[in-house]
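Chemist: Protein sequence lines, in the order shown, are assigned to chains P and L.
If you use my numbering, the first sequence corresponds to residues 1 to 530, in order.
If you use my numbering, the second sequence corresponds to residues 1 to 169, in order.
Since the hints were derived computationally from the structure, they do not count as laboratory data.
Built from N, CA and C at the ideal position, the CB exists for glycine as well.
Among the hints, erroneous ones may be present.
In silico DSS-like cross-links for lysine-lysine, where the CA-CA straight-line distance does not exceed 25 Å [as the list claims (entries may be wrong)]:
#	chain 1	residue 1	chain 2	residue 2
1	L	23	L	7
2	L	102	L	112
3	L	128	P	147
4	P	147	P	12
5	L	128	L	33
6	P	140	L	102
7	L	166	P	140
8	P	140	P	109
9	L	112	L	40
Ranges of calculated distance between the beta carbons of each label pair, as one might list FRET restraints [stated by the list, open to error]:
#	chain 1	residue 1	chain 2	residue 2	range
10	L	72	P	330	31 to 37 Å
11	P	150	L	167	49 to 55 Å
12	L	106	P	330	48 to 54 Å
13	L	103	P	363	37 to 43 Å
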Amino acid sequence: MTEARPYDDLLKATFPAIVQGDPVCGESSHFQVPKDLLPAITRYLHTQPNLRGRLTLIWACDHRPVRDAYGLHYLFTLEVSHYWVVLSIELSGNERLFPSITPHIHAAKWYEREIRDMFGLIPQGHPDLRRLVRHEHWPKGMHPLRKEFPWDRVLGRQQGEHHFRRIEGEGVFEVPVGPIHAGIIESGHFRFSVAGEPIMQLELHHFWKHRGVEKLFEQQMLIGAVPLAERVSGDTTVGHSLAYCQAVETLLNLQVPRRARYLRSLFLELERLYNHLGDIGAMCNDTAYALAHAHCGRMKERIMQLNDRLTGSRFLRDVLRVGGVTRDIENRQLTDLVDELNRIQPDFSEVGAIIFANASLTDRLETTGILNEQTAWDHAVMGVVGRASGRDCDLRRDRPFAAYDELPVAVALYRYGDVRARLRVRGDEIHESIRLIREILGKIPDGPVANEPSCSPNPGDWTLSAVEGWRGEILYMVMAGEGGRIHRCKVRDPSFVNWPAIQWAALGNIIPDFPLINKSFNLSYAGNDL
Amino acid sequence: MFRIIKKSLKIGVVTGQYRRAEKPALPIIQEAKDKTKLFKRSLAIREVDTGSCNACEMEMNALLNPVYDAERFGIHIAASPRHADALVVTGPVTVNMERALKDVHKQTPDPKIVIALGDCAIDCGMFKNSYAVTGPVERHIPVDIRIPGCPPRPAEILEALSELRKPTV
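Only chain P is shown next, with the shape it has when bound in the complex:
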C-alpha cells in the first residue's frame, strides 16, 4: 500500500476536482470523478508514460431502490506496478447520458455498448452505437439490468436487421459465417469482406448465446451462486467459480484455510493443463495434422479422467465453495495424481518436440494471424493471446491469489504475436503448470479445507476479484444487497476483451487460415455473451 501514495498524489495534484473514496480491495485506489472530467482523466491515466493505465473493466450499477442513481465505474491496471485505480461517476435522477471514453481508449468500445444495451445509458460521443447484446429483434426499450425490469419477463419480438460495416468496390464480396458453424463449436457470427483471397475486414456479430447470467445472479444469495458462476463458461469452471468465491469471501471478511488455497491453485492448474493440451491438439488439427491432434486429445482425456477420479467431475464442478473447497483430496489420490503427471510430462515433451520440429506445421503457423504489441495494448488484450504478443501480464505473478503468493510463476512470453507464438505460450504453460502442481504437492499443508461464513455484508458493499484463468484475467465485481442477496454481479471473461482483437489479427490473412487463427485465440462464446 505504501507504494500507492505517489499515484494518488499525482492524480489529485493533476485533477484537484477528484475525490478519493475508500479502497475497494487489496492494492487499489478509488476516486469519485466529475462527469465532464472523465475523458480527460482516463486519457491521462492511459497515456501518461509513468502510469500507462490499461483499461481492465467498465461496469454500471443501478442503485435503485436505495437511491435513484446509476453508478459507472472504470477500472484501470497501472502497467508499472499492477496497481488498480477505480474511477467512478454517478448519474442521478433522469440523467441518461455519460461521456464516452472510446475516442481515446479503444478497449472501452464494447463495454460502453454493453452498458447502453443493458442499462439504457447512452455513451455520448461513441463512434458506433449499434446494438451489441440486444439483437435487432429485441423490442425497443428493453434494458434487462435496470432494476424495474423483471428477470423472467417474456421479451417479444420486433422486425429488425443488423447492419454490418460495408466495404464496397469492384470484386469485394462478403462471406457470412455462422451463427451455426461446421464443427462442434459454439454459436457466433463472423462477416468477412474479401477481395480475392485476403481478408479486408472482419466483423464479429456475437451475443447469440446471451442467457441473462448477470440478471440471474441478482436473483441469488451471495453464498449460493457458485453453481451459476461455474456455468458461465463450462471450460473455465474453476476460474469463474474461484473468482466469484474470492469476491464473496472479501465481502464476508472470510479467511480461507491454507490447505484450501493450495487445493484451489491445484484445481486451477489442472484446468489450465487440460484446456491447453486440447488447444494445441485442435490447432494441429486445423492444419490437418491429425496424428498430433489424436495424441493431444488422448492426453487431455487422461487429465479429464483424472479430474473425475479426484473430484467426481470431469470439469471440476461442485469443487469450490465460499470459504474453501467442498472436498479434501486424500493422500491416496495425490499419489494417483503424481503417477499421472509422471506419465503425461515425458509424453507431452515428446509430442511437443515432434510438433515444433515439423516444418510444414511451422510453415502454416508462422506469420499467420499476427496481433502486434501495439494493437494488443490498444485493445487491452491479455491472457494467452496477450503473452504471445509481448504483453507481459499474469495475475498469478502480478496480483497473487489463492496460494500463488507462495508459488512463484514463470510467465511465458513471446513477441511475434502469430499463431505459432500462441502455440508456444501454451506449450510453455503446460510445462509450467506441471511444475507448479508438483510444487503444490510438495508444499501443501495439512488442515481444514473450509471456513464457515459468520457475518453478512452490509448492503451496498462491493468488491472486485481477479483470477488468472487459463484464457486470461477473469474479473468479478460483486455488490451485496439486502439480506445476503446479490445486488449486482458483473462478470468479465477474458473473451469479452480478446474477441475484438481477433478482427485485427485476421486482416490480410486468407479465409482458410481463419479457423486456425480463431482456434489459436480459442475464446469462449458463452463467457462473452453471458
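Fit chain L to the given chain P structure using the hints.
Modeler: Positioned in the frame of chain P, the structure of chain L alone reads:
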C-alpha cells in the same frame, strides 16, 4: 514424420480406456428407435449450440478423440444440417438463437431425429425462466431422445446412442 508414427506405435491402442456408463438415465422410447432404424448402422450428427456453457460441446468433441472414438460405431459429425440424420442440441434456447434453431431443423432432411443433450436442453437447467431464454428445446422442435447430465459424460452419450441403435428383438 517417422517420429510421430513411432510414437503412435509405442503408445498402442487407447480406444476403450474409459469407465463404462450404466444404462441410459432416461429410457429411450421405442418410437425413437424405430425412427433411427432407417439410418442402419451409420448416424450423421449435426451439433447445434443454442446457449450452452460449452461443457456439452467439449464432451461432444471428446467423443471423437482416440479414447472414445465414436466413429467406430458409425457415428460421425456432419458439417451441415443438410447432411445430417440427427440434430444434437445443447443449451437452453436463447431468444437470439430461437430462429437459428428452427432454421436448422427445417434444413435437416427428413427422416431425422432430435437429441436434447444435457440438462439445459431438456429443461433449461439453471437458466429457467430467464428473460433471455425462451424455453427448452422441445418447446421449439420435437425432441426424440434426452440425454441428461451437466454435462453428460462421453461414456453416457455413447451408451445412449448405442442403446438407441440396438436392434429390437
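Chemist: Taking the earlier hints as the rules, which of them does this structure contradict?
Modeler: 1, 4, 5, 7
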